[in-house]
Each structure stands twice: as C-alpha cells, then as structure tokens.
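Protein chains in written order, with the numbering used here: chain A, 1 to 334; chain B, 335 to 592; chain C, 593 to 895.
Source of the hints: derived by calculation from the structure; they are not laboratory data. Every value quoted in this text rests on a predicted model; they were computed, and no experiment measured them. Just so you know, not all the hints are guaranteed correct.
As the list claims (entries may be wrong) - A short list of chain C residues far from chain A (calculated; beta carbon distances all over 10 Å):
(1) L663
(2) Q710
(3) R722
(4) P726
(5) R732
(6) V738
(7) Q763
(8) T765
(9) N777
(10) A781
(11) R782
(12) P883
Stated by the list, open to error - Restraint-style ranges between C-beta atoms, simulated for each label pair:
(13) L116/A to V665/C: 47 to 57 Å
(14) L317/A to S692/C: 54 to 64 Å
(15) I183/A to A780/C: 27 to 37 Å
(16) R842/C to L350/B: 20 to 30 Å
(17) R842/C to E362/B: 52 to 62 Å
(18) I880/C to S518/B: 46 to 56 Å
(19) E362/B to L113/A: 28 to 38 Å
(20) L350/B to V280/A: 39 to 49 Å
(21) S692/C to R453/B: 32 to 42 Å
As the list claims (entries may be wrong) - Here chain A is said to cover these stretches of chain C; the calculated rule only asks that three of the stretch's residues, wherever they fall, bring their Cβ under 8 Å from a Cβ of chain A:
(22) 689-703
(23) 714-721
(24) 799-808
Using N, Cα and C, we set each Cβ at its ideal position, and we do this for glycine too.
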Amino acid sequence: MQLVRRLAVASAIGLVLYGIGLWLQGGVIEYVQRIVFLAGINVILAVGLNLINGTTGQFSIGHAGFMAVGAYGAAFSGVKLQPVLQNWIGAGAVADGLTLNVGLLVGALLAGLTGLLVGAPSLRLRGDYLAVVTLGFGEVIRISFNNAKFLGAATGFSGDSPSGLPALTTFFWVYAWAIAILILIRNLTFSQTGRSLAAIREDEIAAEAMATPTTRLKVLAFSLSAASAGIAGGLFAFMQPSIRPEDFRFDKSIDMIVMIIIGGLGSISGAVVGGIFVAVTLELMRDLQQYRLVLYALLLIVIMLVRPQGLLGSRELSEVLRSRFGRPKAQAAK
Amino acid sequence: MSLLSLEKVDKIFGGLSALKQVSLEVPERAIFGLIGPNGAGKTTLFNVITGVYSPDGGVIRFEGQSIGGQSPARIAHRGIARTFQNIRLFRAMTVEENVMVAGHHLHQASVLGAMLRTRAQIADEARLRKRAGELLEIMGLGKHAEDVAGSLPYGSQRRLEIARALMLQPKLLLLDEPAAGMNSQEAGELERQIRFLRDQMGLTIVLVEHNMAVVMSVCEAVHVVDHGETIAHGTPENVKKDPAVLAAYLGKSTEEVA
Amino acid sequence: MSTLLQQLLNGLSLGSIYALIALGYTMVYGILKLINFAHGEVFMIGAYAGYFGASALGIERYGAAGLPLYLAVLVLLFAMAVAALLGVSIELLAYRPVRSAPRLTPLITAIGVSLFLQNAAMLLFSPNPRPYPPILREVRFELGGVIVTNVKLTIFVVAIALMLGLNWFIQRTWTGKAMRAVSTNIDAARLMGVDTDRIIRATFAVGSALAAAGGILFGLDQIIINPLMGVLTGLKAFVAAVLGGIGNIRGAVLGGLLIGLAEQLTAGYLSPDYRDAVTFVILIFILILRPEGLLGVVRPEKV
Chain A
1 MQLVRRLAVA SAIGLVLYGI GLWLQGGVIE YVQRIVFLAG INVILAVGLN LINGTTGQFS
61 IGHAGFMAVG AYGAAFSGVK LQPVLQNWIG AGAVADGLTL NVGLLVGALL AGLTGLLVGA
121 PSLRLRGDYL AVVTLGFGEV IRISFNNAKF LGAATGFSGD SPSGLPALTT FFWVYAWAIA
181 ILILIRNLTF SQTGRSLAAI REDEIAAEAM ATPTTRLKVL AFSLSAASAG IAGGLFAFMQ
241 PSIRPEDFRF DKSIDMIVMI IIGGLGSISG AVVGGIFVAV TLELMRDLQQ YRLVLYALLL
301 IVIMLVRPQG LLGSRELSEV LRSRFGRPKA QAAK
Chain B
335 MSLLSLEKVD KIFGGLSALK QVSLEVPERA IFGLIGPNGA GKTTLFNVIT GVYSPDGGVI
395 RFEGQSIGGQ SPARIAHRGI ARTFQNIRLF RAMTVEENVM VAGHHLHQAS VLGAMLRTRA
455 QIADEARLRK RAGELLEIMG LGKHAEDVAG SLPYGSQRRL EIARALMLQP KLLLLDEPAA
515 GMNSQEAGEL ERQIRFLRDQ MGLTIVLVEH NMAVVMSVCE AVHVVDHGET IAHGTPENVK
575 KDPAVLAAYL GKSTEEVA
Chain C
593 MSTLLQQLLN GLSLGSIYAL IALGYTMVYG ILKLINFAHG EVFMIGAYAG YFGASALGIE
653 RYGAAGLPLY LAVLVLLFAM AVAALLGVSI ELLAYRPVRS APRLTPLITA IGVSLFLQNA
713 AMLLFSPNPR PYPPILREVR FELGGVIVTN VKLTIFVVAI ALMLGLNWFI QRTWTGKAMR
773 AVSTNIDAAR LMGVDTDRII RATFAVGSAL AAAGGILFGL DQIIINPLMG VLTGLKAFVA
833 AVLGGIGNIR GAVLGGLLIG LAEQLTAGYL SPDYRDAVTF VILIFILILR PEGLLGVVRP
893 EKV
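Here chain A stands alone, though its shape is the one from the complex (with noise of 0.2 Å):
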C-alpha cells in the first residue's frame, strides 16, 4: 500500500514537472532556461554537499572534483551508449532519458568511488587539514582531466559529433532528480543515520563512546556528497556543446560553498535556497565574472562576521515558518 501511494505521488509530481518543461520550452527565453536549470542542478550540488559539510561537519572544498569525475563519466557513456540505444529502440525521447540517465548513473557511481578513495584516507583529518587535502585532491583530479588525452584533455570533451554533447538535459529531468536527491538526503538527515551524522559533527568522541561507526559514516556522507556532485556534474555536462577542466576549477567549489553557507550550514532548506540564489547571480553576472565572485566573497566575510548560521541556521524552513506562526518548538534536528 505504502509503494503504491509513493508511486501514485510521484506520477502525479512526473507529470506537473512535464507540463512545467513544455511550458517552459515554448514560451520562455533561453536565457531564463538556463538559470532554471542551473537552480536545479545547484540544489543538487548544494543539498549533497550540506550532507557532509552541514550535517557532518566535515568541511569539504574540493567537490569540484567529484563534479567533473560525474560530468566526464556520464558524458564519455552516454556518449557511447547513444548509438547503441538508438539503434535498439529507436532515436526519440526514451532513447534520450534512456542514455541520460544511465549516463547520470556511470557518472554518479564514479563520482561517489572517487569520494571513497578521497574520503577513507583524509577523514581522519580535522577542521581545516582536511579542507586543505580536500583541496588538493580537487585539483589532482582536474589536472588528471587536463592531461587526459582521451577525453580532450584542457580543450575538453564534446563527444563523437561535430555538433558536441547531446542535449539530453531537459527541465524534467533536472527537476527529477533534484527533488528525488532532495528526498532521499532530506529522509537520511531525519533517520538513525543522520542523527549518527550530527552526533559526529557535534562531539565525535562522544558519538564513538555511544558505538557510532564514526569512520564509515563519515566515508558514507562523504561518498553521497560526492556522488550527488556527479549527479549534477552529468546533468551539466549535457547541456553543454562540451565540457572542459576548465568548468571545474577550485571556483565551482567555491560557488557550492558559497550556496551552503548563505542558507545556513546544515539546513537542507537553506541549501536550496543557496543553490538558486547561486543559479541567478551566476547568469546575471555572467558578463561581470569579476564581480560576481567579488560579491561572493564579500558575502562570505560579511556573513561570517554578522550571522555565521546564514539565512536559516542549521534549522529548516518548516521550522521557522512553525515557530514564528505556530507553537514554538525547539527542533534542532540535525
């Protein structure tokens, strides 16, 4: 009973989605479509790395990384698995969501092997060592991806024809997956697991004299984290003619920062907030690239300086809304 109502839902979300991307399709500027689709890709990247630097606080700069390990792998497959798919059934719409998302799922699956090989050994780490070697791999992986020939190396990866990646990214699917990755990080948070994970942010000797396996779980926050960066790295990869090292430098992770920090570390609602807010300055400066991260920055300090929790705090936007028109209630969840 209980799948058949979860299935009945999520049609019912399937189809508002569908009809969301016909709309938005036919009547609105592609300049517009871009930042709607970044927002949905950004809160893929926000929501998965608030997982780990949020919930966790184990604080990751170098997701960048696990971006460009999903992009690369979901692009070299699809790209592959095209042809075969489309010679199997047929090219049209299912053949596209076919190779897109087993696409998403090589890359995912890559992009979360990465964060294991990254997370076992550096999680041992505290605070800002293990930013620091979290930014090192970061970069590792990019400079791997700059001298790989096979996949363009710094001109990049654009596939096997002239006219680039396929655009198998549409508004349904982004938006898909954002709110699957959504509800399965947000159910995470609120289960055993999640409330292990603030345990370790909170006092991580305490939670291990309370038997938490401190050490897996944060190998397994951290390979999610990294996996839902590949997620949205493929999405993103196939929106694009191609992708280059180049789109996955240390200023991405910068941006994904920037989108935890502004909602409030550890709130997934405040992560959505700070992926969307990333999505339209990010189109509306394109031109002012300087500016842009200027503001970032400025916005970094001054956060850090004036309201360190963000917009939300570590609470999440149910909580507030409850709080300031309905019973007060003290639910520091995470």
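Let chain A serve as the given structure and place chains B and C on it in line with the hints.
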C-alpha cells in the same frame, strides 16, 4: 567471575607514566568507586578501559575477553558505556535525540532503508523514540525531551549523559564525576538513581568521584590511585582510615576529604 | 650532470621564495591555529607593489641597466611595508572579529578574503599578465656548465638575509620572544602581561612583509605577474609549511626548499605538465602519513 578486570595496566604519555601496573577486579552488579587526588590518572583509566587510549602494558578483560586496544565504538557495542568528566553532550541536538543516537542495538533498518523511508525504518524510529522516552523518565528528564540539550541546567545535563549511556543497554556503566557541581539534595537523588540502576536494571557501576559523601554512601568497594598507581583498596570505611590515602589527600587539599 | 646541478639550483631558488611565503603561513598558524588563505594574495600584492614602486621611481629611464642598488632596496622595503599594512588590516577587519568563533567560521572568512583580493586585483590591475620591470640588470655567468644569473643570486642573498633577520628577531628581541610565547600558549602569555593582540598584529606584519619580498623575487625570476599568481604559489607555499611542520619556522624553510626542488626536478625529469600536481601529491601524502610534518610535534587531544 569479575565483569571487568585489569591486570597490571600501564599507560605512558611521551615518557610520563600516567598509569603504572594498575590492577583491579570489578565484580558483577557491584557499585565500585575509583578515587584519588586530581591528576591521579582516574580519567586516564576510564579512557584506557573504553578504548580512547590503548594500554601500553597489561591486560584488560571484560566478561573474560581481552578488550585492550579495541576501538571505543567496538567496546561500547560490547556493553561498556560511560559519561565524561567535562560533559560531552550533542549540544545542538534535542535531549531526546541525544539519547536516541546511542540506540544502535534497537536499530535494524539499513542506510538505504533510511533514504527510502521504508516501513521498517519508520518502525525503528518509533522504537528508538519510545525507549529514549523511558530512559529519560527514569532519569527525571521526561518533560525536557524536546528541549535543546545545550540549554539544560548543569545537573540535568549530567543526568542526560547518564540516560544516553543507558541507551546502549550496557552491562558496565562508567560514571566520571557524576556528582560534580551538585548540591547535597541533587547528590542524594543521584545516589538513589545509582542504586536503582544496579538493583532494578542489573548494571555494574564504576564511578570516579571527588564527592566523598557520595562515595561513602553508595560504593561497596573503593580503589584509590595516586600518580597512576594503586595505593589502597577495600571498603569505603577501611580506605577512609588508610594512612597512605590520607597522606595522598592531605598532601594536596583538605577540602576533598570527607 | 650539469643539467642536474642546473635543476638543483633552480629548485633551490624557487624553494627559497616558497620558504619566504611559507614562513608567513606557519607563523600565523602557530599563533592563531588559522590557515590564512589570503596570504597568497598578500604575496601577489607585494609583487604588484614592487611593480608600481619601480614604475614610480621611473624605471623606464634606466632601461635594461636596472635600478641603482639603493633604489632597488627602496622598492623592496616599500613593497614589504605595503604588504605588512595589508596583512594587519586583514587581521583587524576580518579575522579578529571571529577569533572566538568555532574553527569553521574563520576558515570561511579567510577563503572569502582570499577570493576578494584576487578579484579586486583583477578589477583594479586588469587580469592580464604584466611583465616585471628589470629592477636588476641581468648578468649571466656560467659555472661548470650551470647558468647562474644575478637574479638567482639575489634571491638567495635576499632570502637568506631575511631568514637570518627573522631568526635574530625571534630569538633576540622582546617582540620575537613574545611571539614564541604566544604560539606556545596564548592564554599563559596573556596572563604574563603580553599584549596578545599586538603580537598577533606583529606576526601578520612580519609574515606579510616576507611574502612581499618573495613576490618581488618571484617577479624578477619569472618575469610575469598576474592577479592570480598568489593562488597556486600560495597553495604550494602552504604545502611547504605543512611539509615542514606547520607552526615550525625551521620547518617552513625546509619545506619550502623541498617543494621547490621537487617541483623543479619533476618539471625537468618527468614532464612540465606535472609540476603543479607534484605539490598536491606531496600534500596528500604528508597529511595522510605524517600530518604533523617533518619537523612537527604530535599533540594528543585531551579527552
């Protein structure tokens, strides 16, 4: 058989001997006291037993099995729970959540189950919440279940730490200065709770304590350490009169002697 | 053989520059347990200050002959002063207000300051690389198959002079001793009457001045400067500080030289494509195998 036994345990920090050939036996269902002047090595002993440090010499046995060198999480899983001298709560989480974190025995759903919010997962949560509620009631914190842990008064925070430790379904409970900062009324309540935990819940309890009134009242056996070494062992009455113990204490500060 | 010697020479001179920058990281971390992400940008600003200082002194007039020695020294001192001022300002405005906050907050603030300076510099100085003025006349001579320029010699002389100066400062002056006290135990130092705020500012000032010297030397050596030069170089210098043992001054020097050598040897014998990557690989290895660094001391956490 003793529940916990230490045989000639050593612990060295950078050339300094924090524990020297410490041996003791804690029988099952005992309320056992560990006392000594500040810096004597009592918390270090707790840390070695619970796996925060590995012993540099000697054997530590729990239920007959050697546990020296195992990880804190593993030892906690085996049935040794503890509280901390400087209260280590999960301050930003609620009281209830603090206790639920320790509920690993009651938790069966997998991570995937958690993400998908399966029926097993939902049942798990309910079970955890219920048990946490019961333990909070026992420690007198039932009304505060949804308060933020960091906002509790000091005495309540100490009791919360005990409730959290109990959630592990331990056989051995190590309490590090549970009466610190308590007035005599609160301390009396603590003594009742300790006896309750042993009598009604079958726990074996070891406590490190400076409050001698509590030690005299509640402990059946007392082990005294100073400078990492055992200097006396016996009933509270005997230990109180032991000249070595008096020398160790009176040499430091008189206010700690009952 | 001469190639090896050449690589070693180049590596050591590059390493000396890294050492100068690494000293700033290590001193600040020793005192505040804070990674001053913006330190790389101070290095960059120092280089630019040298550029503009030399221009102000009318370097075009001197042409390839370079500035007379006293003017070159003036440019160096000017850049060091500018950097010191910048470093202290950063401390006052961005780090001091969050000193008591949980460790994460100053980290993010530092990243913010670094980002800000990079992009402000791009806006003010144009993102295009600029050629560094020949503050020194280039003289080359050959020694057993190895090409030595006076730039390389200058780097060694200046770096060694500054490091000796720092050593004297730390060991012999009151401020220097206070700095050592504060980095060992800030609370005890405060209780002993040390004005810790002043010492912290002094640390930032000294570290920044050294970085600026590194910036000018870098400009002379590499001949090109750009607003993002601090990002990669700063990171490498940070790795050098960690390699040597963060908080340890001798470690910073050792680490700097080692990183410079590693980078140069990798570029020479493996491939120039990997010269940047080797530093990150070293970082990863050192943090995983021996996080306290080569000369560092392990500090156990009290439970």
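Quick rundown of the hints versus the structure:
Consistency note on L663/C: stated as away from chain A, and its beta-carbon is indeed over 10 Å from all of that chain's, at 33 Å minimum. A beta-carbon of chain A comes within 10 Å of the beta-carbon of Q710/C; the shortest separation is about 7 Å. Interface exclusion of R722/C from chain A stands, the closest Cβ pair being 17 Å apart, more than 10 Å. Listed as outside the interface, P726/C is consistent with that label: its C-beta sits roughly 30 Å from the nearest C-beta of chain A, beyond the 10 Å cut-off.
Against chain A, the non-interface label of R732/C holds: every CB pair exceeds 10 Å, the least being about 33 Å. Consistency note on V738/C: stated as away from chain A, and its beta-carbon is indeed over 10 Å from all of that chain's, at 30 Å minimum. With a least beta-carbon separation of about 28 Å from chain A, Q763/C lies farther than 10 Å from that chain, consistent with its non-interface assignment. Consistency note on T765/C: stated as away from chain A, and its beta-carbon is indeed over 10 Å from all of that chain's, at 29 Å minimum.
Listed as outside the interface, N777/C is consistent with that label: its C-beta sits roughly 20 Å from the nearest C-beta of chain A, beyond the 10 Å cut-off. For A781/C, the condition that its CB be more than 10 Å from all CB atoms of chain A holds, with the nearest at approximately 22 Å. Even its closest Cβ contact with chain A, about 23 Å, leaves R782/C beyond 10 Å, as expected for a residue assigned away from the interface. Not every CB of chain A is more than 10 Å from the CB of P883/C (nearest about 6 Å), against its label as outside the interface.
Judged by the Cβ atoms, the range 47 to 57 Å given for L116/A and V665/C holds: they are separated by roughly 54 Å. Separation of L317/A from S692/C is about 30 Å and departs from the stated range, judged on CB atoms against 54 to 64 Å. Against the hinted window of 27 to 37 Å, the Cβ-Cβ separation of I183/A and A780/C comes to about 52 Å, which falls outside the hint. In this structure the supplied range 20 to 30 Å holds for R842/C paired with L350/B, their Cβ-Cβ distance being about 26 Å.
Between R842/C and E362/B the beta carbons are some 56 Å apart, a value that agrees with the proposed interval 52 to 62 Å. Separation of I880/C from S518/B is about 52 Å and conforms to the stated range, judged on CB atoms against 46 to 56 Å. For the pair E362/B and L113/A, the beta carbons lie near 47 Å from each other, so the given range of 28 to 38 Å is not met. Between L350/B and V280/A, the C-beta spacing of about 59 Å breaks the proposed range 39 to 49 Å.
Distance hint check for S692/C and R453/B: the Cβ-Cβ separation is about 47 Å, which falls outside the suggested range of 32 to 42 Å. Judged by the Cβ-Cβ criterion of 8 Å, the region 689-703 of chain C is covered by chain A as claimed, because 11 of its residues qualify and three suffice. Given a C-beta distance limit of less than 8 Å, the hint that chain A covers the region 714-721 of chain C holds, as 3 residues qualify and 3 suffice. Look at the region 799-808 of chain C against chain A: 0 of its residues bring a Cβ nearer than 8 Å to a Cβ of that chain, fewer than three, so the hint is violated.
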